[in-house]
Every structure is written in C-alpha cells, then in structure tokens.
Amino acid sequence: MDFIQNFPCISIMLCLFAGIISSGLRGKTARWLNTILLIIVTILSACTLLYTISTGESFVYVMGKFPAPWGNEIRAGVLEAGMALFFCIIMLLSLLGGQHKLMKEVEENKVFLYYVLTNLLLSSLLALVYTNDMFTAYVFVEINTISACGLIMIRQVGRTIEAAVRYMIMSLLGSGLLLLGLCMLYDLTGHLLMSNMKESVAAIVAQGEYNIPLIVAIALMTVGLCIKSALFPFHAWLPDAYGYSTVSSAAILSSLVSKGYIFLLIKIIYRVIGFDIFINTRIIDVLFVFGLMGMIFGSLSAIRENDIRRMIAFSSVAQIGYIYMGFGMGTQYGIVASVFHILSHAATKSLLFIAAIGLTDVSGGSRKFIELTGSAYRNKWAGVTFTVGSLSMVGVPLFSGFISKLLFAQAAVQINGKMLPALIVLGISTILNAIYFMKTVIRIYTPVEETSYPSVTFKDMKLYAVVLVFFIILNIILGISSQPIVDMIEQGLAMFA
Amino acid sequence: MGANLFTNYGEAVAMILFGIGFGNLLLQSNLIKKIIGLNIMDTAIYLFLAEKGYIAGRVAPIVADGVTSVEAYINPVPSGLVLTGIVVSVSVSALMLALTIRLYRRYHTLDLDEISTLLKKGGL
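The listed protein sequences derive, respectively, from chains A and B.
Once you know that position 419 of the first sequence is 419 in the numbering used here, the rest is easy, because the numbers rise by one and skip nothing.
Once you know that position 30 of the second sequence is 30 in the numbering used here, the rest is easy, because the numbers rise by one and skip nothing.
Chain A with its partners taken away, still in its complex shape (with noise of 0.2 Å):
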C-alpha cells in the first residue's frame, strides 16, 4: 500500500481535530490555524487526485484493518479526490473573502466558534464525498446539518435564528427519510457498505421477489437527499438562510453544503443502488419535473425580488433545479452534465456572493437595488467580478456557467422524449436568469450625479481584492479548460461502477 493511501483519512482526521483544538484558542488563532488547515487539506487532496489518475483506478483504504464485510471503508478514486479538492478551494476563498464582514457582524468572543464549525463542516464533507459505508455517511450528514445550522445562526438577529430553525426542520425531515431508507436498504440486504450492497441488490433485482420494498427505500432516500439540498418544493428556508447570514456562511452553504448531499446521492445511484437499476424505477421521472419546476419557479421569484442577496438565493434554487433535472434525464452525459453543473454553480455562485457584499458595503450596507445604484464605480474590483458571475450565470461563453449549459443541451438532445421539454426550460431558464442578472448588472453600472457613500479603492481591501480575482480565474478556468475536467468526471464515474 502506498503512503499516499492514507491521505484520504489523514485529512479527515485533521479536520476534527483542528475543530477542537480551535475550540480553545481565541479567534485570531483559531482563523490562522483554519487558514493553514485548508491549504494543507487542499494539498492532500490534490496530492490524492494526481495519484489516483497515474494509477488510474480508485483504491480502497481499510480502517482499523477489519475486513470487508464488517469494517468501515474510505474509498477514493478521480471524482472523489477531485470533488474534495474543489471544496477545499471553494472553503478557502469563501472564508478569506468574507473575513472582514465576519469581524464585524459576529461578537468578538465567539469568533473561534466559527472556524470551530467550519472545521466540522469540512470534515463532515470530506467524510461524505470519501465514505464507502452507508451509516457512516448518515451520521456525518446529520453532522453536516449541525454544523450548517451553526453557521447559520452565529450572526444573532432574529431573522437568522428563524431560518436557522426552519433550516433544521427541514434538514431533520430529510435525515429522517434517508435514515428509514437507509435501515429499509439494510434490511434487504444484509449489508452497510456500499460494494456488498450493490451485489446483494443486483441480486434481489435478478430474484423479483423484493422489487416493491427496494423501490420505497430507494425513493425515501432519494427524497431525503433532495429535501436536503433544497430542490424546488422544498426551498422555503433557503432564502433566509442565505441572504441574511454572514456572507462566508452563504457562500459555504450554498456552493457546498447542498453540493455534498447531491455528490452522496451520486454515490448511492451509483455504487449502491446500481446506475441501470436506479434508472429502471421511474424515479427519475419525478426529479425531472420537479428539476423543471424549479428551474422556472426559482428565477422568477429571484426576478421578483428586491434584495440582492435573497435574488442570488433564490437563483440557487433554479441552478439546484439544473442538478437535478440532469439525474432526470437518465443518461450517463445527464449526470456528467449534473457533475460539472455542480463544480461550476459552486464556483459562481460563491463568487456572486461574495462579490454582492462588496456592493452593498459601498451603498451604506444596503441590499435594495435602489441604493445599489452606481456603486460598481465605488468598487470597481467587486463590480467587475459580480459581472463576471452574471455572466456565468446567464451562460455566456469563456465562463463556467456556458459549458455546463452546452452539455446539458448535448445530453437532452441524445434522449427521446425529454428532450423537447428540457431544451425549452433550459431556454426559458436561461432568458430569465439573464432578465434578473443583467438588470442587477445594469444597475450597479448606472451612474449616479452625487452620492454620499465613499468609493473604495485597492488598497482598503487588499485580501479581498486578491479572492476576487482568484475566483474570476477559478471561474475562467473552469470556462475555458473544460474538456480535461469533463473527461476527468467521465474518467470518475467509470471507477464507480
């Protein structure tokens, strides 16, 4: 066995117990030690990636050395190393980004409890995108959802702990769906980890005895797993949570918290369940339209909205609705299409977020457009990057958000029947993201006479500057270099089956 194996369960470690030593130091420290945490993480993850595409197949490391059946399992191979690291980059630049609003709007003593939470938050992820058992990865989504919560809510107004409350509920729905699921699953099989499960279901399958009970637990974790992460129906708490927390928060909660259970449930489809077996239950179907749905009903109530903020939330909700309408269409170019989908929102959509607070910070703290008003000449460096996103967002070429708009157009072509609503929705999707963005972005460009707030120039936010431009590249990366990516997510989802 290589060294290099270990890094998968290294960097969890790592990140637990950084959480509780942070849970003793001040909050300087506890920022310096989260700092140093990510880029060693981001390292070991991209010290895995490189070795598992030279041997260019997955291992599987045992923990504590109990055989298969009965010990637990890290398994990594191009996706999951891949998906880990890109977290890990999004984490950093998100938590730099959002520094100075951090400072400002938590109270000085619980400071450290943020990077406590993060550091959980990381390795719960970590933990989801490497585990091969099936309870080790329920217990880590509910340590997911606690620690999602907390971020939530460090920022103490009233509206923060309403969404807070409402995030768990719904979050508590959703485990508890997947969790039933989950014993469902156990008991027709005998077995929590994933390999053993997918051959004792290949089996039942083959038999036919047990199609109607396999069919509720693969439909109850699949429901949980969307309640989770906020596909259309149930997106009540989502704006809330993401417009009014501080900014870190919104953009780690909506580029990776989401992210992470949507990569869990393309782990189940593919390595417990079997991709063929999933796609024979009509599951999809019902994900499909409700991927529709949301693609429409999201962007229209971002169009109807007047907060900045709770616009880029509500647009989440019709990017989730993409993901998802991608697993509907029941091809392998589908999820690859979903996949990439997932890295570029998680990309832009932390960019956006990150970019608005600089706007707002120069229109007096505001987020009404009214205010917004001229104020990307006030900040130049956060207006150009907003646009940026936009631009993503709306699909423009160069940028992240085009390519993933091109392949889902390529994968609905390749399927008969769903094409046509696909490709009209994406259409109609596509045409309101670019009415919400583009006015936003036509606002901040418009000049005003006479204003009372300060402009800010480069040298009053050096790090923040040096974020934006980060994620303007990460963006354009993803943008122009997509083909190695793609081939790469292909190259992962073949090391699943």
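Don't take each hint at face value.
Here are the computed lysine-lysine pairs in the DSS-like style, where the Cα-Cα straight-line distance is at most 30 Å [claimed, not checked]:
(1) LYS33/B x LYS120/B
(2) LYS120/B x LYS101/A
(3) LYS121/B x LYS439/A
(4) LYS110/A x LYS120/B
(5) LYS52/B x LYS65/A
(6) LYS459/A x LYS110/A
(7) LYS121/B x LYS368/A
(8) LYS104/A x LYS462/A
(9) LYS104/A x LYS380/A
(10) LYS28/A x LYS462/A
(11) LYS120/B x LYS368/A
(12) LYS52/B x LYS33/B
(13) LYS121/B x LYS104/A
(14) LYS439/A x LYS120/B
(15) LYS198/A x LYS52/B
(16) LYS121/B x LYS101/A
(17) LYS459/A x LYS368/A
(18) LYS120/B x LYS104/A
Simulated from the structure, these hints should not be mistaken for laboratory data.
Assemble chain B onto chain A, guided by the hints.
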C-alpha cells in the same frame, strides 16, 4: 398481504409512528410540538431497526454460559445502529431546544408562523 401485516405488526406500528412524527414535525406550528414530533419520528426508526434485528427465541450476543453457536443469538448490528442513532437524535434535539429558547426570549411566543409575521413587519 393482511397476514403479512399481522405477523410483522412491530414494523407496521413503527411505520405508523413514523408517519405521525413526520406529520407533526412538518405541520405543527408550535416549536415544542415539532420537537416532540421529531423524537417520535426518530424513535419509530429505532423500533423498526430493533424489530428487524430481533429473532424470536434468541438472546443478545453475550457469551455467558459457553454457548458460541450463531444459532443462539440475534443480529447485533441493528442494536449498534440504534445506539448511534440515539446519540445523533439527542444532539439534534438539544440543538433544536436551544434554538427554541433563543426564539422564545426574543419574541415571547413558540408559534413559528407568528414569529414569521413579526419578522416580516419588523425587519431584522
């Protein structure tokens, strides 16, 4: 169908309880009732697991009188899962109760809908 339901009455009861808990957590507007619903829902799942792991006429797998045959014992894995699940559900309930206290101190009501209307009127 009916005979199956009767022989597996434990599982049937667990499912009914899960439905009751789920409905309460989703539909009640009182926060304490919601938390009670949450606990009923989680406990129903533990009942389901325990019911599935138990085999009639066998005992817990603790070797006391020298019997090592597998035939004598029940499946211990579901019991382990129940223990882990209880830990998770305790911490989640504690968090929900803490949040409820926070909201009650601020708005002097436990009704989530009422709090929402207050928030809509009063801004942050």
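Going through the hints against the structure:
With a C-alpha separation of about 23 Å, the suggested pairing of LYS33/B with LYS120/B holds against the 30 Å cut-off. Restraint check: the Cα-Cα separation between LYS120/B and LYS101/A comes to about 24 Å, which is no more than 30 Å; the hinted pair holds. Proximity of LYS121/B to LYS439/A is assessed by CA-CA distance (about 27 Å); at most 30 Å being required, the pair is judged to hold. Of the pairs offered as hints, the one joining LYS110/A and LYS120/B holds, with about 28 Å between alpha carbons and a cut-off of 30 Å not exceeded.
Taking the CA atoms of LYS52/B and LYS65/A, the gap is near 28 Å; set against the 30 Å cutoff, the hint holds. The hinted pair formed by LYS459/A and LYS110/A meets the criterion: a straight-line CA distance of about 28 Å does not exceed 30 Å. With a C-alpha separation of about 17 Å, the suggested pair LYS121/B and LYS368/A falls inside the 30 Å cut-off, and the hint holds. Distance hint between LYS104/A and LYS462/A is fulfilled; the C-alpha atoms sit about 17 Å from each other, no more than 30 Å.
With a CA separation close to 22 Å, the supplied pair LYS104/A and LYS380/A stays within the 30 Å bound. For the suggested pair LYS28/A and LYS462/A, the alpha carbons sit about 18 Å apart, so the restraint of at most 30 Å is met. Annotation: proposed proximity of LYS120/B to LYS368/A holds, straight-line Cα distance about 16 Å (limit 30 Å). The straight-line distance between the Cα atoms of LYS52/B and LYS33/B is roughly 29 Å, inside the 30 Å bound, and the hint therefore holds.
With a CA separation close to 25 Å, the supplied pair LYS121/B and LYS104/A stays within the 30 Å bound. In summary, the hint linking LYS439/A to LYS120/B is supported, as the alpha carbons are separated by about 25 Å, within the 30 Å threshold. In summary, the hint linking LYS198/A to LYS52/B is supported, as the alpha carbons are separated by about 20 Å, within the 30 Å threshold. Between LYS121/B and LYS101/A, the direct Cα distance comes to roughly 26 Å. Compliance with the 30 Å bound is thereby established for this hinted pair.
Of the supplied pair hints, the one linking LYS459/A and LYS368/A holds, its CA atoms being roughly 27 Å apart against a limit of 30 Å. For the hint linking LYS120/B to LYS104/A, the alpha-carbon distance of about 24 Å falls within 30 Å, and the restraint holds.
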